Amino acid sequence: MSKRFFRLVVSLLLALAVAPSALAQGKTIKIASQSPLSGGQAALGEGIKLGVQLAVEQFKGNLEKAGFKVDFVPYDDQAKPDVGVANSKSIIADPEIMGVIGHLNSGVAIPSSEVYKDVNLAMISPANTNPTVTDRGYKNVYRVCGRDDVQGVVGSEFAHGTLKAKTVYIVHDKTTYGQGVAEFFKADAEKKGVKVLGFEGTEEKSNFDPIITPIKAKNPDLIYYGGIYEGAAPLFKQAREKGVKAKFLGPDGLDSSDLTKIAGKSVVGMYYTTVAGPVTVYPAAKKFADEFKKKYGKNPEPFAAQAYDATAILIKALETVTKGGKAPTREAVAAAVRSVKHTGVTGAIEFDAKGDPKTALYFVIQVASDDPQKWGDNKEVKKLSIAPPAPRA
Amino acid sequence: MILRVALTVGALALSGLAVWIFPRSILAFLFFQGSLLFIYLADVPRRVKWALLALALLVMMPVIGYFNAYYLEVATQVAIFAALALGLNIVVGLAGLLDLGYVAFFAVGSYCWAIFGSPQANAIFGGGFPLPPVWFFAFLLVGLVVAAGTGVLLGLPVLRIRGDYLAVVTLGFGEVIRVMANNLDKPINFTNGPKGITPIGRPPAPFGLPYGEYFYLLVLLIAAVVVLVNRRLEDSHIGRAWEAIREDELAAQAMGVPLVRTKLMAFACGASFAGIMGVVFSAKQVFINPESFTFLESIGVLAMVILGGMGSIPGAVLGATVVTVLNLQVLKGLSLWLNELKNAGTTVFGYNLANLPTQLEPAKYERMIFGVILILMMIFRPQGMLPARRRQRELGHLPPKAAGGTEAA
Amino acid sequence: MDDFQLLIGILPQVFMDGLVLGFMYALIALGYTMVYGVLEFINFAHSEIFIFGAFVGVEILLGLKGAGVLASVPWPLLLLLILAAGMAGSGLLAVSIERVAYRPLRNAPRLIPLISAIGVSFFLQDFIRFLESIWRNAFNLVYPDIDALNHRFDLTETIDVPVKSLVVTFGALGMLWGLHALVNRTKVGAAIRAVAEDQTAASLMGINVNRIISLTFLIGGAMGGAAGVLFGVQYGFINAYSGFIPGLKAFTAAVLGGIGNIPGAMAGGMVLGLLEAFAASYMSLLTGGAFGAEYKDIFAFSMLILILIFRPRGLLGEVVRERA
Numbered sequence: 541m542s543k544r545f546f547r548l549v550v551s552l553l554l555a556l557a558v559a560p561s562a563l564a565q566g567k568t569i570k571i572a573s574q575s576p577l578s579g580g581q582a583a584l585g586e587g588i589k590l591g592v593q594l595a596v597e598q599f600k601g602n603l604e605k606a607g608f609k610v611d612f613v614p615y616d617d618q619a620k621p622d623v624g625v626a627n628s629k630s631i632i633a634d635p636e637i638m639g640v641i642g643h644l645n646s647g648v649a650i651p652s653s654e655v656y657k658d659v660n661l662a663m664i665s666p667a668n669t670n671p672t673v674t675d676r677g678y679k680n681v682y683r684v685c686g687r688d689d690v691q692g693v694v695g696s697e698f699a700h701g702t703l704k705a706k707t708v709y710i711v712h713d714k715t716t717y718g719q720g721v722a723e724f725f726k727a728d729a730e731k732k733g734v735k736v737l738g739f740e741g742t743e744e745k746s747n748f749d750p751i752i753t754p755i756k757a758k759n760p761d762l763i764y765y766g767g768i769y770e771g772a773a774p775l776f777k778q779a780r781e782k783g784v785k786a787k788f789l790g791p792d793g794l795d796s797s798d799l800t801k802i803a804g805k806s807v808v809g810m811y812y813t814t815v816a817g818p819v820t821v822y823p824a825a826k827k828f829a830d831e832f833k834k835k836y837g838k839n840p841e842p843f844a845a846q847a848y849d850a851t852a853i854l855i856k857a858l859e860t861v862t863k864g865g866k867a868p869t870r871e872a873v874a875a876a877v878r879s880v881k882h883t884g885v886t887g888a889i890e891f892d893a894k895g896d897p898k899t900a901l902y903f904v905i906q907v908a909s910d911d912p913q914k915w916g917d918n919k920e921v922k923k924l925s926i927a928p929p930a931p932r933a
Numbered sequence: 002m003i004l005r006v007a008l009t010v011g012a013l014a015l016s017g018l019a020v021w022i023f024p025r026s027i028l029a030f031l032f033f034q035g036s037l038l039f040i041y042l043a044d045v046p047r048r049v050k051w052a053l054l055a056l057a058l059l060v061m062m063p064v065i066g067y068f069n070a071y072y073l074e075v076a077t078q079v080a081i082f083a084a085l086a087l088g089l090n091i092v093v094g095l096a097g098l099l100d101l102g103y104v105a106f107f108a109v110g111s112y113c114w115a116i117f118g119s120p121q122a123n124a125i126f127g128g129g130f131p132l133p134p135v136w137f138f139a140f141l142l143v144g145l146v147v148a149a150g151t152g153v154l155l156g157l158p159v160l161r162i163r164g165d166y167l168a169v170v171t172l173g174f175g176e177v178i179r180v181m182a183n184n185l186d187k188p189i190n191f192t193n194g195p196k197g198i199t200p201i202g203r204p205p206a207p208f209g210l211p212y213g214e215y216f217y218l219l220v221l222l223i224a225a226v227v228v229l230v231n232r233r234l235e236d237s238h239i240g241r242a243w244e245a246i247r248e249d250e251l252a253a254q255a256m257g258v259p260l261v262r263t264k265l266m267a268f269a270c271g272a273s274f275a276g277i278m279g280v281v282f283s284a285k286q287v288f289i290n291p292e293s294f295t296f297l298e299s300i301g302v303l304a305m306v307i308l309g310g311m312g313s314i315p316g317a318v319l320g321a322t323v324v325t326v327l328n329l330q331v332l333k334g335l336s337l338w339l340n341e342l343k344n345a346g347t348t349v350f351g352y353n354l355a356n357l358p359t360q361l362e363p364a365k366y367e368r369m370i371f372g373v374i375l376i377l378m379m380i381f382r383p384q385g386m387l388p389a390r391r392r393q394r395e396l397g398h399l400p401p402k403a404a405g406g407t408e409a410a
Numbered sequence: 020m021d022d023f024q025l026l027i028g029i030l031p032q033v034f035m036d037g038l039v040l041g042f043m044y045a046l047i048a049l050g051y052t053m054v055y056g057v058l059e060f061i062n063f064a065h066s067e068i069f070i071f072g073a074f075v076g077v078e079i080l081l082g083l084k085g086a087g088v089l090a091s092v093p094w095p096l097l098l099l100l101i102l103a104a105g106m107a108g109s110g111l112l113a114v115s116i117e118r119v120a121y122r123p124l125r126n127a128p129r130l131i132p133l134i135s136a137i138g139v140s141f142f143l144q145d146f147i148r149f150l151e152s153i154w155r156n157a158f159n160l161v162y163p164d165i166d167a168l169n170h171r172f173d174l175t176e177t178i179d180v181p182v183k184s185l186v187v188t189f190g191a192l193g194m195l196w197g198l199h200a201l202v203n204r205t206k207v208g209a210a211i212r213a214v215a216e217d218q219t220a221a222s223l224m225g226i227n228v229n230r231i232i233s234l235t236f237l238i239g240g241a242m243g244g245a246a247g248v249l250f251g252v253q254y255g256f257i258n259a260y261s262g263f264i265p266g267l268k269a270f271t272a273a274v275l276g277g278i279g280n281i282p283g284a285m286a287g288g289m290v291l292g293l294l295e296a297f298a299a300s301y302m303s304l305l306t307g308g309a310f311g312a313e314y315k316d317i318f319a320f321s322m323l324i325l326i327l328i329f330r331p332r333g334l335l336g337e338v339v340r341e342r343a
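Chains A, B and C, in that order, are what the protein sequence lines are.
Mapping of the first sequence onto our numbering: position 379 corresponds to residue 919, and the numbering continues sequentially without gaps.
Mapping of the second sequence onto our numbering: position 98 corresponds to residue 99, and the numbering continues sequentially without gaps.
Mapping of the third sequence onto our numbering: position 175 corresponds to residue 194, and the numbering continues sequentially without gaps.
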């Protein structure tokens, strides 16, 4: 036994000697992303990662001119809080990492941001819509996506004001995001006098039959789905096939060409609310979608555009901090993010005191075609701009 | 003898030095961990062994952690999972009851403190919460009692069920607890559903200790108590009864082992460790929601127990260490290293890594490699890394090629 | 519409949905049961073997679609083709998994191959995803619509059955019958039963144990593959992780019916499918929204515990006796 371990010790020492030392390599700035890259939520997580990667490649020019090497470090948080926290400790242990774009799940983002807070490392979230993320008032935590309590209201405003829906049936996917936005939609819809026929949560991904049966019997004007396209697409598809006539509406988790790939003609005419403008009208959005497709061979997932913008904002902050070739500090970067004004793919972003976007301009977009390639043709039907609620005392 | 002692001391010193010189090299830290194992296995006087281990864990580790908080986090998680693995080891390893829903007890403990250590309890009782963080220590006990009670509650109806039927029932129970945590935000808001509970109070650090170090030492202390209790249990009356029913239920019963009480004790003991660590976990994370308590977590803890060697206390600790370190450090380190090569534009066999398509991103395949490692470990070391002594003897009885008809094909 | 009327009105539809779901679970459960019956081992990787069949099926359909001949092939032929391919693919995958990951562990304590199986499951999930991301650069794959299968028979105003649900139902029944006949009426079946009973004795009787075990995995895997193809046809889209939850449920169904018992898998699947459908449809209607569809799993698992308390060997009992 002992002999074997002796050998182990020696080989470890040798490995140590040849290992690439992580000692100072000059002026390098690293930007990290954290999102699930493996497991069931990997599609969205990878979308975020690719959004960050694209932005780093496109916008790092100025920093490089100033004499910095800019590296991108993707982390896989596996959608698990304990892994996310361990990763974030690894991130703060690397003094070259100046900012994090992440996470996908609020359940991972909240405990991880407690870690970032300790060293004032900027975290800009592309996808965490849970109000708690910024309501804690941390100086280093930002998000570019809308809050649940904003997007839910946008949805109900549209359902009541434009669609004139009298009855609605709400389904959500039991995630922080899905249930959160569905609850705010419900509360506001009831306030406006829309009758909520049912409010149902399900983790189901494929078989929605038992949920659709009561929906069909109650015959609502509108079905609102709180969640991601992976649940919405089969639900809407199976509902149409079963003869449900209701209109469909959902939040920005539905903004993916995979929705029409899965649900086909069933979702033509479906509405979704998002901060990412339709690519037909907004050249920036079109440019992003085209470049993403060209580079990675597929359409961006939901939150990829937000990740792209978040990274652009982080890089802008880095540029102000490093003016004159000064080495950045994490604290300075985190503070600089607050004053960045950026017009990106998802509209003009400016942060309020909590780190939320000041006013989010929402688009209500209608799916135009059952061809996934023509996701870009979706039409803007309404623009709504709502400010986040004032901070609670 | 002196040579061996010198060797262990040397290994520890050298590894400590390595971490000191390369504070961010994962290899150095692995070397440090390896030297701990080396000390544990080395043939040196017990007193030297324990003194060195105590020195490493109580002094060196916090110092290392002061310079690299990441290692401290890994060490803390290792301690948490070691306690979990020890708890499950009682149920699976000693009593031979396959439990696929162990994380349920962890969840129960977590929610105990999460609800009362945060403003969440106001939604149930009106006002007066959160409890002051000092209550955390009382809740270690509450978590223990509630989880043990849950264990008995699960144990009672399922005692007649044997073998793999029990496995499915426990699997179902684990899911039931998670789904309930995910849904009990109405009609009365107990758990706040998928949105989770935050901020959860943390015990205050005394003497101005840095928080990470304090928490690490606290978890280490609890884990040490768990190890101690396990050692006492293993050779106690009840421990032997557990092993008796594992080997042969009928025979054990005939020898006068009370089946019902023994099995319930196993469930309760196993659950109580998970309950304590649940309380610790919720305080460590400051935020919990049901995503932390999925079926995969149960499977992860089970893998730790079996990798280490069923029924073996050092095995469970080593299994927890290996799985945690593998997942949090080695595989991550590997993909970070590859990423670094990629960023640097290194060429391998004339191929520039920077052109690697994004489908081949190394960070995406950590779990796949973990799967392969699990398979290989089972094939090449089926008895576990540090098998229980009694089991070792048992397996030794098998003729080396007893594979009935393996050659026939 | 009156509430009571609504409850009654949807009853037949809920029942039908439950049956279709139950047949799906039953088909997957057959794979668990076959292997368990012979080796007393939970093949944890069966959920990935199952979804692999769905991938084989969709690749063929997409290949045909790419070649532009999808519309010209008559649908029954198409269905048979993808079923056969899915069965072959999953069957072979199961056999190779057994050869690589389980056979070296045949004499190890019972939990060892279980962990190995978990390793295989992790590996396969990300490996399938890896292959698809290289091959199609896609995460979700979608079964092309075959219009004939989507045709629905309207029984009443609120109740209808699509052709694909009938395909699932009859497919499952057919396979169950075939498997039952194979195990109970053929010589190979007798050999399988002999190996299940006592491997050493069987080998002494001149049965090649390894070959029979491989065959068991082949059959179990093929059943999983068929289930995978039908799953894809029924629900339309799959990804590398879609197999996990149905696999878990089917495993529960197998145990519920009495693991190792083929008709038991069917019965377990039916009970679980119906329970889920009823709980999901009625829970929130009956409690006024206080409890929702998500309690279906709690409901299903509580019933499982109840049934096992009164019938500790499952609904139809275990075929294999416990070895002392």
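Since the hints were derived computationally from the structure, they do not count as laboratory data.
A quick note: this is a predicted structure, and the numbers were derived from the prediction, not measured.
Ideal placement from N, C-alpha and C gives every residue a C-beta, glycine not left out.
Don't take each hint at face value.
[Said to hold, decoys possible] Restraint ranges, calculated between C-beta atoms of paired labels, are given here:
1. B/161 to C/230: 36 to 42 Å
2. A/635 to C/305: 54 to 60 Å
3. B/353 to C/308: 42 to 48 Å
4. B/222 to C/230: 25 to 31 Å
5. A/605 to C/119: 52 to 58 Å
6. C/154 to A/827: 25 to 31 Å
7. C/154 to B/52: 53 to 59 Å
Here's how the hints hold up against the structure:
no.	hint	result
1	B/161 to C/230: 36 to 42 Å	38 Å, holds
2	A/635 to C/305: 54 to 60 Å	59 Å, holds
3	B/353 to C/308: 42 to 48 Å	59 Å, violated
4	B/222 to C/230: 25 to 31 Å	56 Å, violated
5	A/605 to C/119: 52 to 58 Å	53 Å, holds
6	C/154 to A/827: 25 to 31 Å	29 Å, holds
7	C/154 to B/52: 53 to 59 Å	58 Å, holds
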